[in-house]
Amino acid sequence: MTGAALARPKFRITSGFLIRLFIGIVVLLYVGWRLYNVLVVEQVYGLDSWARFAISGVILGAVYAVIALGYTLVYGILFMINFAHGDVMMLGAFAGYFTLETLNGSGFLNRNLVSSVVSIVAAFAVGMVVSTVLAILLERIAYRPLRRAPRLVPLISAIGASLFLQNVAQLVFGPARHTYANPEVMKRNIGWSLMLGDGEVLITYTGVFTFVLSVLLMIGLYVLVQRTKMGTAMRAVAEDKEAAALMGVDVDRTIGNTFAISGALAGAAGVMWGLHMGIVYHFVGFVPGLKAFVAAVLGGIGNIPGAMLGGLALGIMEALGPAALGIPFQLKDVLAFSILVLVLVFRPTGLLGEVLAEKRA
Amino acid sequence: MNLRSSIRAGFLSGFINLFVVLLGLTTLLGGLIQGWFDLSSGVAGAWFLILGIAFWGGTAAARSVIDKRWSSISSSGLFAGVAHGFIMGTSVMGLRGLVDHGVEVRKWLVQLTPSAVDALSVGSTPFVCGVIMFAIIAGASIAGALISFAAEKYEWGASVRGFFSSARDRMMAWPTTQRISSHERFQPALIGISIVLLLLAPLGLGRYWNYTLGTVGIYVILGLGLNIVVGYAGLLDLGYVAFFAIGAYTVALLTAPMPHAIEMSFWPVVIIGVVIAAISGVLLGIPVLRMRGDYLAIVTLAFGEIIRILSRSEVLADFAGGPRGIRAVAGPRLFGLNLSSGMHFMYLIFLGIVLVVFITNRLKHSRVGRAWAAMREDEDVAEAMGIHTLRYKLLAFAIGAAFAGLSGVIFASRNKFTGPEDFTLMVSINVLCLVIIGGMGSTPGVIAGALVLKGLPEILRELDDYRMLVFGALLVLMMIVRPEGIWPSARRKMELHEELGHHSD
Chain A
1 MTGAALARPK
11 FRITSGFLIR
21 LFIGIVVLLY
31 VGWRLYNVLV
41 VEQVYGLDSW
51 ARFAISGVIL
61 GAVYAVIALG
71 YTLVYGILFM
81 INFAHGDVMM
91 LGAFAGYFTL
101 ETLNGSGFLN
111 RNLVSSVVSI
121 VAAFAVGMVV
131 STVLAILLER
141 IAYRPLRRAP
151 RLVPLISAIG
161 ASLFLQNVAQ
171 LVFGPARHTY
181 ANPEVMKRNI
191 GWSLMLGDGE
201 VLITYTGVFT
211 FVLSVLLMIG
221 LYVLVQRTKM
231 GTAMRAVAED
241 KEAAALMGVD
251 VDRTIGNTFA
261 ISGALAGAAG
271 VMWGLHMGIV
281 YHFVGFVPGL
291 KAFVAAVLGG
301 IGNIPGAMLG
311 GLALGIMEAL
321 GPAALGIPFQ
331 LKDVLAFSIL
341 VLVLVFRPTG
351 LLGEVLAEKR
361 A
Chain B
1001 MNLRSSIRAG
1011 FLSGFINLFV
1021 VLLGLTTLLG
1031 GLIQGWFDLS
1041 SGVAGAWFLI
1051 LGIAFWGGTA
1061 AARSVIDKRW
1071 SSISSSGLFA
1081 GVAHGFIMGT
1091 SVMGLRGLVD
1101 HGVEVRKWLV
1111 QLTPSAVDAL
1121 SVGSTPFVCG
1131 VIMFAIIAGA
1141 SIAGALISFA
1151 AEKYEWGASV
1161 RGFFSSARDR
1171 MMAWPTTQRI
1181 SSHERFQPAL
1191 IGISIVLLLL
1201 APLGLGRYWN
1211 YTLGTVGIYV
1221 ILGLGLNIVV
1231 GYAGLLDLGY
1241 VAFFAIGAYT
1251 VALLTAPMPH
1261 AIEMSFWPVV
1271 IIGVVIAAIS
1281 GVLLGIPVLR
1291 MRGDYLAIVT
1301 LAFGEIIRIL
1311 SRSEVLADFA
1321 GGPRGIRAVA
1331 GPRLFGLNLS
1341 SGMHFMYLIF
1351 LGIVLVVFIT
1361 NRLKHSRVGR
1371 AWAAMREDED
1381 VAEAMGIHTL
1391 RYKLLAFAIG
1401 AAFAGLSGVI
1411 FASRNKFTGP
1421 EDFTLMVSIN
1431 VLCLVIIGGM
1441 GSTPGVIAGA
1451 LVLKGLPEIL
1461 RELDDYRMLV
1471 FGALLVLMMI
1481 VRPEGIWPSA
1491 RRKMELHEEL
1501 GHHSD
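So the protein lines, in turn, are chains A and B.
Residue 1 is where the first sequence starts when you use this note's numbering, and the numbers rise one by one after that.
Residue 1001 is where the second sequence starts when you use this note's numbering, and the numbers rise one by one after that.
Be aware that a few hints might be false.
[Claimed, not checked] With a straight-line cut-off of 20 Å between C-alpha atoms, the simulated EDC-like cross-links for lysine to aspartate or glutamate are:
| id | chain 1 | residue 1 | chain 2 | residue 2 |
| --- | --- | --- | --- | --- |
| 1 | A | Lys332 | B | Glu1314 |
| 2 | B | Lys1107 | A | Glu101 |
| 3 | A | Lys332 | B | Glu1383 |
| 4 | A | Lys187 | A | Glu101 |
No wet-lab data here; the hints were simulated from the structure.
This structure is a prediction, so every number in the text was calculated from the model and none was measured.
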């Protein structure tokens, strides 16, 4: 699409342009009308409510961003949507859950501050290791044999893998919702409290922890991809597999590494999700996985800072959007998916996306 | 090398065995066998599966052995058995120990009920249980290695196969068989007989079977519609359920007394439902069909979810019934007769399938069908050849949506009810599975797929929990082993195998 746009010397009114114009005007008018209604006419929410929405949006967005990084990495290198990524995250969350449960059962979790910190580190370590192993296995079993097949084939395989992992989790761990055992120092309902307007706003420790950790993970990933030999190999394979192979890059191993890194990120995201949201069950990875994909597309898929930006933007829009537009909160998923459609209609390369050739986009 | 590959086979099969136990398949099979053979407990059935997997592990180990001698085969079976037995033995020991200490294992691993753990543990103490499990599995593995080797060496397999094939040859050689099957009217007669049987079948099937087969038929229509989108035009649509929902809601809103009291009769609504579904297909298609491949999958998935969430939400509760759905949807009436029993719907579904198959076939062999084939194989080349790809994609989307709308109308009218929970993502995934497993682009494949994937679980209710698990595994497996499906169309098979050879993307 963009390739054609570059080649076209002068502006012409096409049917596609008219459709986009029409959709754009309708959306802008709707959003403007609702915003005016909510912010000026009705004024339902005070400053404290807006702050609460914004904070929860930033934290949610940070988790989306970490999941989106995994999507972006794999898409950047294989041009394939790793549909099972959200389920890898879910199993990472379960691994963290079992670690914390075990430590809680032995009383280690709340013995003192050090043991609590060690427990959380252990939960992250176990979650990340499990997800990494899972992602590597997934690539080996479900994707590697299909690398030269038409693009529909690995995508269907990925959908199958996602379905399989979800149902395995449901059958093995049961359909019930499990509650994460946070240590006392990081309970989900404690934190710093702020007075804003005439209300109190709570900034939870888990929320701050989630946000800081996700930023650290993104920086780490950026350094890994830009500064290390492994990252260079990954970028080379993303650019051109054959040429990279001729330059002595082990393509199979590099792709395996990419999946391992994306799995580790998914595991970290899963444990973050569990610590902050508190609940894990077999379906917990699916919707966040989809949202993270939306975030990755919003930021420009294949682009690491883009995934972070897209995740935060999506989280904030999702948290503020229903309130700002005056629609019920149960429609926040509709909002996220509408954002996806709008991004793909107006700017398929995303916010920070590079101009991809049409074959890739 | 012998040692390493054998131990690897042992560990692999051991993990599979443990996995199967954790999934509860062992207990399930135990229960089934107990029911079939009227046994007093399910233990025998449970062990049957465990030993079967150990046996298989032994044969896998034997297959990897290079120097085919009795001694090396038995040692490889032993190594595999030791590895396999180690995994299972320690697991059983640990489980038994935990349960004896009063830990509730099933709180975390729901399939490991106390009775399931009891079935696995033979012996008094955890240690003895583990050792016995280890010994039994090692034995089964060695037996597997030796028996598979003997079968290969003495060609047992060949003689078994020979027995069956010679039986078939003998039967085919009977003069009557030959005369009948070589007669020029054989095939038309066969088709005629099956049509007559199909037409008579609903009369004698009874409520349950008409209902079950009716569901299969509705999925056949859905599958044939998605087949046009995925199989012919090569567009992956994961939100196909949206059009099904649109058809169902159209008939519900226009005929039911509750939200709007329009109460139209059924027959015009069929047309309206199909047309509205087709129009919504075009409306969705215009913005999204410009994207390629995998983006389309996600956007359509999102669209399906949007439709479901909207139909469930309070915003549209006054208009579309909200989470409680719409009751008292009208059934078809003809000449004053009420035609809404399961049997009548069976005929209606037949009619729908025949219509859809007819349209599909005409389209496939027309200019449109060839354009779709060209587009699916290479979009750029198709465009260069003068095919307006967007227009043909839209057409495929609209026709697929129309079929889904038709089946949605029949579905809601048959159930006399429609609600948001009928239209989850799983419906889209189910339809996609039956199209892909049956064979993309193949009408008989889709029908076979619907019968197997929708009909079998209805009959084997016990296996229902495992249905989606098996679908997921099957999707991956099919893509690796046989991407063209069980009953492929000739062209699709050719395409996929050619592309697998030299496709760089």
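Exercise for review: Go through the numbered hints given earlier and state which of them the structure violates, listing their numbers in rising order.
Suggested key: The structure breaks only hint 3.
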